[in-house]
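Number of protein chains: 4
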Amino acid sequence: MSKINKIAVFTSGGDAPGMNACIRAVVRTGIHFGCEMVGIKQGYQGMIDENFIPMNRHSVSNIMQLGGTILKTARCLEFRTEEGMEKAYQNLKKQGIQALVAIGGDGTFTGAERFSNKYDIPVVCVPGTIDNDLYGSDFTLGFDTATNTVIEAIDKIRDTAESHDRLFFIEVMGRDAGCIALRAGIAGGAEAIMLPEKDTAIEDLISTLEHGAANLKSSSIVIVAEGDKNGGAYNVAKRVKEKFDYYDTKVTILGHLQRGGSPSSFDRILGSRMGFAAVKALLAGQTRKMVGLHGNNIALTDLREALSGHEFKLEDDLMEMSSILA
Amino acid sequence: MSKINKIAVFTSGGDAPGMNACIRAVVRTGIHFGCEMVGIKQGYQGMIDENFIPMNRHSVSNIMQLGGTILKTARCLEFRTEEGMEKAYQNLKKQGIQALVAIGGDGTFTGAERFSNKYDIPVVCVPGTIDNDLYGSDFTLGFDTATNTVIEAIDKIRDTAESHDRLFFIEVMGRDAGCIALRAGIAGGAEAIMLPEKDTAIEDLISTLEHGAANLKSSSIVIVAEGDKNGGAYNVAKRVKEKFDYYDTKVTILGHLQRGGSPSSFDRILGSRMGFAAVKALLAGQTRKMVGLHGNNIALTDLREALSGHEFKLEDDLMEMSSILA
Amino acid sequence: MSKINKIAVFTSGGDAPGMNACIRAVVRTGIHFGCEMVGIKQGYQGMIDENFIPMNRHSVSNIMQLGGTILKTARCLEFRTEEGMEKAYQNLKKQGIQALVAIGGDGTFTGAERFSNKYDIPVVCVPGTIDNDLYGSDFTLGFDTATNTVIEAIDKIRDTAESHDRLFFIEVMGRDAGCIALRAGIAGGAEAIMLPEKDTAIEDLISTLEHGAANLKSSSIVIVAEGDKNGGAYNVAKRVKEKFDYYDTKVTILGHLQRGGSPSSFDRILGSRMGFAAVKALLAGQTRKMVGLHGNNIALTDLREALSGHEFKLEDDLMEMSSILA
Amino acid sequence: MSKINKIAVFTSGGDAPGMNACIRAVVRTGIHFGCEMVGIKQGYQGMIDENFIPMNRHSVSNIMQLGGTILKTARCLEFRTEEGMEKAYQNLKKQGIQALVAIGGDGTFTGAERFSNKYDIPVVCVPGTIDNDLYGSDFTLGFDTATNTVIEAIDKIRDTAESHDRLFFIEVMGRDAGCIALRAGIAGGAEAIMLPEKDTAIEDLISTLEHGAANLKSSSIVIVAEGDKNGGAYNVAKRVKEKFDYYDTKVTILGHLQRGGSPSSFDRILGSRMGFAAVKALLAGQTRKMVGLHGNNIALTDLREALSGHEFKLEDDLMEMSSILA
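From first to last, the protein sequence lines are chains A, B, C and D.
Using UniProt numbering, the first residue of the first sequence is number 1, and each one after it goes up by one.
Using UniProt numbering, the first residue of the second sequence is number 1, and each one after it goes up by one.
Using UniProt numbering, the first residue of the third sequence is number 1, and each one after it goes up by one.
Using UniProt numbering, the first residue of the fourth sequence is number 1, and each one after it goes up by one.
Isolated chain A, as found in the complex (with noise of 0.2 Å):
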């Protein structure tokens, strides 16, 4: 394989904290190892709609801070089919551009996997999702400022619950993954956690909000993943509701509060290696790799691998410490 020139980066799927500082990253190190650097906005409909933009050391300065992504994102139906990818391969070629960084989750992987076997260009990717839903990577980009922003919410939250004895369910972010619910609900001191991966009888959750009622509790909280069976916050209140009065009870949605804001010094440092090591797996000849944390060293993974359905698993002792630290 020739040398690498030209390498494009994009941001794909939802957005998440964390994403700047790996923007910036890789856009850094492409130019300290001699390399043209190209951002691409709205991610794969930008290829297609020819949306590049020349990046330089100064086209990333003072971004680190910012939540959200420069380079926007968006999700792109065209792209799934024959054509788009041809017309964004083409384009690409246009550009001269010789290799690619995919900043998103496992829909973006599934793209970049498809479009890197298929025209033979070079790809990395990196994990950047709040979800944490991602297998090779302890952690995904953006998780740790979601989970702050999650407590921080709590924590408010907690004021007003204790100075009127309430019962107050949180929704917080997770379709199909209860790292949110889980990490913000332990740090948070929620009474229960309700998360898509366990079942929870809503009979269950209520004798432990009465035991927690004996024990003079005088709040409690509850946090619900969105993707809870039980079928989100307003439900799971209600259907307490009829059975167990104690508290006055509110309902309170958290929403999209959850992707933005500044990232954590974890995001940042995380984001800023992530794209360091992309580019230098790139320029060291890999190719359909995703960079990912591995207790505190940055390592690769087979895209395959990462998308081929290995089950994120919930830390046990979490999951144990969660009822046992209520």
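Honestly, the hints are just simulated from the structure, not real lab data.
Since no wrong hints were added, every one of them can be taken at face value.
The list treats identical chains as interchangeable, and a pair is accepted whether it falls inside one copy or across any two copies.
The calculated lysine-lysine pairs, modelled on BS3-like cross-linking and capped at a C-alpha distance of 25 Å, are:
#	residue 1	residue 2
1	41	217
2	250	229
3	250	41
4	313	280
5	3	94
6	238	250
Remember, it's a predicted structure, so these values are computed and weren't measured experimentally.
Using the hints, position chains B, C and D against chain A.
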């Protein structure tokens, strides 16, 4: 009137950040001037239930930075009856309590005014409510913190809105008063603000948004007070979406998040000044007054006047600015 | 006077949070009323160096939440000379700039007053300084945010002070004015506050601290304004330590941390209102005025009056409270 | 070994955010497994002074979000003597305390190792220190929060640095270990980082800054660990200033600000996991171990090994990135 030697303080209605600063000031000022101080838990309910606690300087140590109220708060239907009031009065008498500081909103004040009139017990009220909807004070306790909480949320949501070219509808507190919506909307740079005080036709909102889209705004944020006449953020979003689908549309309801959090400097100072002034007013023989902020001074208003329906008005320049600056 | 069609805005002196909100309001209000708008970079220096940039609505998009000033600021000795002023004037004339909005402190105002007098160019000033030391406005732009920054620091230091039974001396900004020290001291629950406006004998401070220790306070925090006559926090700490070693003693100098940060809601609103009012005042034919907050209204003061040495006074009740509540 | 029925927990050395989460986990886990739990105030000093308090589930309610340590901490010279240790042991025996959880840094561990060896009392240690300088755990408790605190400060200082074209030297904690400096420097986008682990010649620093100035950087931030061999931020600033005066130069010493603050989600989870694991280890018959984070799992290390001088190493990729990304 004989000298006051024993004063009780309580919080009632919705909790608000800064209430603890006020309780601390009431207790320490009272002690400084030689009074015995009592806290009543859960407002009027606590009077009826004899939920009294003696307060010394240490009782209020290290509470200024806490959201909520250490004395808790509750709504109390029983106090609206003659029997409830009588019971409360007998309990206060038994305790030797000679005067009251009541911290809360207009429901709290109405109760205080009736009670003080009937039993000739001096009472001074402190306007503690995040809604800023009381006559006789430029700002109510908790409003500044709540507004800061809302703009932090808007800033975060702006990150993700910008990354995705999205239109967000954010619902904020304010059933009758649009103060939070108006100020947070301006401070958060919202493209439009929907207030209870003002009819906004959906057509006008859409034309504002179309105008922004034509000017290449890559995202838009609309703040909706819960008391807006179109029926809240979900309804507004639904009706807008039917006719205007330039952006991907999302709704966030901030809810009780807005009540909590460590009070801002402004609210800590305001709570301290109001608590200090309330005790001094009682000791100077005042009764049935509300302390309020007028410019940069604390002044007293008759409770009756504060309650008599002077309509609270949104500032003219803010109303004018809200569309010009957006 | 002929109609004003082109207005320039600049920031000068120390930067303050909220300046960007003000710049945004000036630009958008001017455009709304049909003016051409110009930004001058680095204050008076930029006038001399012809550092002018045209401003449209987009130039001020998404800046409200940023600390500092996008127009930058600098001190400029040359502008104090006749030649410097003449050069600045000729440059403004060349640009067709007919009026100025100057955002800064009293140094900025002095320059603006002289310049406007000499060349008959209308100017309206906005008080932007974290020190809150200007006559003619209840609050200056940036003061609220700076005070919040200081109390967040005090809250953090309190954590560690409490854990170690320590005595902390925290130095805050305020060479001539103790506003930040007084308000942050009260809001942070400081045990003592040292102000430039008031001589505090070290012996009195020690006796206050001894009193606290005797009452089993497990930590103490003393706020020292940098202009305190005992010579700053290090000197105060040293002299206290010689005679009072009940606690382990530590010093923190907050320094420029106090200038930065995303502006509070209060400062965003204040900056917006002041910028809006400044442009309206210019268009109404006003000149050599300062806009200021009076109670909850914006009003104009003659620049000469604002500068004429009316001493800024700390609020009496705050002074009295500062020892009673500690 | 007979079954353990009564466990004591204490914090020692410098306080760190997350210690309260750990205390809470220790107490609740112990109670869950049928033990009686005791808190020792002020570490080893409290053992000698019989400063014991019984702990139940309520003793640790609502403490997870608090910085510092509710059990307080102190340095204790007396415990280093034979007599001090003997006294401590007799006091523990009198209380029926059969095992210890010690939360602190290497001073704490050294004491624990000697004590446990001498009196055959089981002890498990938790690495609680913001410096992240212990062998046997990827991260120590408090490090994540401290790093977040530092980058928030850098972000604020960047605002004012940018507005004034300034060069800032920010001194952060780290007498022997540059972990905070390295991570916060990268996450804050610092132009240069001075570490205890690495000699940086002032000439090299100046040439880095000159390079930045030549590339039109409008401000620069240099992070200096307190243990840097050039003698701290003031000295570095002074020496740079002598030869390079392109920018206006300022110094900020963050100091004890870095110790406080509500713990991050990461530290709350880490503290909870470590406390949980420490109690389980004791109940499983372990002693003289340190719990640590290895990747995403909690594992035990021999105290002797943790203390035996394995040098803690800064991550290679972070070292390499620190200059490439700046």
